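Make the full structure from the sequences, and use the hints.
Chain by chain, the residues run as shown.
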Amino acid sequence: MLLDIDTLVEGVLKDRMERSTFHKAFLQYGILLYLLVMLVQYLLGIDTYLTLLDMTIVKFLLHAIILVNSYFLINGEKYYNENVGAE
Amino acid sequence: MEILLLGLIIIFILEYNKKVNTSKFIKDNEHYFLILKEDNYDFLVKAKYGDKVDPNILFSQRIKNGFITIIAFIFMFLTQLTFINLILSVVLGFFVFKMQYSSLRSYYKKHLHQIDSMLPYFLKNMEILAQHYTIPVAISRSIETAPDIFKPGLRELIEKINAGDSTIDPYMEFAKQYPVSDSIRMMRLLYRLGLGSQEDKHEQLIMFSKSVSALQNKAREEKYKLRLQTMESKTMLMLGATGGGVMVLLVLSMVSMMNI
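Line order of the protein sequences matches chains A and B. In terms of my numbering, the first sequence opens at residue 1 and continues consecutively. In terms of my numbering, the second sequence opens at residue 1001 and continues consecutively.
Derived by calculation from the structure, the hints in this document are not laboratory data. On a predicted model such as this, the values are computed, not experimentally measured, just so you know.
Below, a list of computed lysine-lysine pairs in the DSS-like style, where the Cα atoms sit at most 25 Å apart:
1. B:K1223 <-> B:K1110
2. A:K24 <-> B:K1223
3. B:K1223 <-> A:K14
4. A:K78 <-> B:K1110
5. B:K1210 <-> A:K14
The structure is reproduced here in structure tokens:
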């Protein structure tokens, strides 16, 4: 019985540590992806970027990227926080 | 479109007046269609619906649906009936035919997974009860607190034991009803625990509880692994979707710059 509890505690702790590293990486990736959009702006130069913005498809694509990224971030965050499971 | 409607109406009228009978057509040619039947189809149907449903009737229903799809699509393409359209309708019919099978199979997989994850909890409960009661009493006491998925099986098991069957058969039937790798082993252990005299019981109980602990550990590890995998796939999906979108944006900008 005591051995049981030992392995249980060990397992839970290990899982918690793994999950927190995963979580951190997840958040970093999510924010990096926002920065990627800024990087595109920088790479293209302001003038070309502004001319590109006149195209509807570019506008649509940019909005879609930001929205999809936000959706994934919120969805993932919800998953990380809710599905802990009581032991 | 009009042809399709007309055809449908005519078939419906003929069918309604019993002039043609599609089920009879299928029944007469059954042994040709049996080639199409998957090996484990009967088993999967039994696993989902129990003995209430006849797999053969369900199978002929599947064939009928497939044929109806093929014919409906042929009618739809009737004005531009090319070879590709013909193949397309056959493929679609086959897809409809296979759909039920794949849904049955995915149900079975999910069902097995659920049993696999719930079994250790149930056995832990049994272990505690077995310290105070004899095994049949412990089983009947455990029904209330058992996970829902095991309740019908447990009721059957206890009914058979109460009817005087003291062999291993009721236990094995329970294990067969929940066919995961550990259930047969654990039910056999449980049966032997019930057989032993009171003096040996303590040692056997320790053995039993060790097995349950190992099982529980395994289940927990599996659960954690699965959760981490889900997280990983979520992250990867996010990376793929957003990164891909940015790539497309870059390519688009390059193309437009070339044009300028």
